[in-house]
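**Q** Take a look at the letters that make up each chain.
2 protein chains.
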Amino acid sequence: MPEKNVFKIDEIPFQEVEWGTSKVIVGPDANGSEHLRAGITEYDPETPHEPHSHPGQEEIIWVLSGEGYTETHGVKMELRPGLVAYIPSGMEHKTAAVGGKMTAIIMKSPVKDSSGVAS
Amino acid sequence: MPEKNVFKIDEIPFQEVEWGTSKVIVGPDANGSEHLRAGITEYDPETPHEPHSHPGQEEIIWVLSGEGYTETHGVKMELRPGLVAYIPSGMEHKTAAVGGKMTAIIMKSPVKDSSGVAS
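Sequences listed follow chains C and V, in order. Residues 316 to 434 in our numbering are what the first sequence lists, from first letter to last. Residues 316 to 434 in our numbering are what the second sequence lists, from first letter to last.
Pulled out of the complex, with its shape left as it was, chain C reads as follows (with noise of 0.2 angstroms):
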């Protein structure tokens, strides 16, 4: 059973990733969360996150800054502060940042997707 804590988002270092920079403040590996995953990525506008999908998993993008879209066979919808995006379990979304980075929180949920994989 995981501890109630109160986390320091800026005391959690950024990781890289293909398509920025990302953290996990709350999720299984960070403090044995069970169901909920939630953290920061930072979207570098040079390395858009390329089309994936994470069947049985959905996903929520809350915008904090900068701007960019989400996009879902060829159809782009726009981020930006005051946006929320939804993502179904399993559909196919590229992410990207223009302009600039953007940052955004994600929310996942569970934890792992059908096949098991936990990100």
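Just so you know, these hints were derived from the structure itself, not from any lab. Any given hint could turn out to be false.
Below, in silico cross-link-like pairs of lysine-lysine (DSS-like), each with a Cα-Cα straight-line distance of 25 angstroms or less [said to hold, decoys possible]:
#, chain 1, residue 1, chain 2, residue 2
1, C, K409, C, K427
2, V, K319, C, K391
3, V, K409, V, K427
4, V, K338, V, K416
5, V, K338, V, K319
6, V, K319, C, K323
7, V, K427, C, K416
8, C, K319, V, K416
9, C, K338, C, K416
10, C, K409, V, K427
Per the computed footprint, the stretches of chain C lying under chain V, defined by three or more beta-carbons under 8 angstroms from a beta-carbon of chain V, are [to be verified]:
#, region
11, 330-338
12, 417-429
Just so you know, even glycine gets a beta-carbon here, dropped at the ideal spot from N, CA and C.
Use these hints to put chain V onto chain C, whose structure you have.
**A** Coordinates of chain V only, in the frame set by chain C:
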């Protein structure tokens, strides 16, 4: 199956709750989500969210503005921007703003607790 969508936070009205105001952005009743519930709560310092728990359901309190605390069995943990609270399933917790309104993103999963209550 819920559809992919991008929601404009400001277009969704706040609802009055005992501890302030709240709006759901993603949830079964909002967009048909199956695992994730996410929204914004503005905590009124005059009316704390009194001790409660949701068995089987995890919660994250991601503070956007203002200050307050989350209290469990008399132990207070500070809340302010830059801090993210994780509440394990079933753990009693009270949440309160101090000195003015505190606004936070509230994330929960599963979307219902183990007694079937969706909140």
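**Q** Please flag the earlier hints that this structure goes against, numbers listed from lowest up.
**A** The structure breaks hints 6, 7, 10 and 11; every other hint is satisfied.
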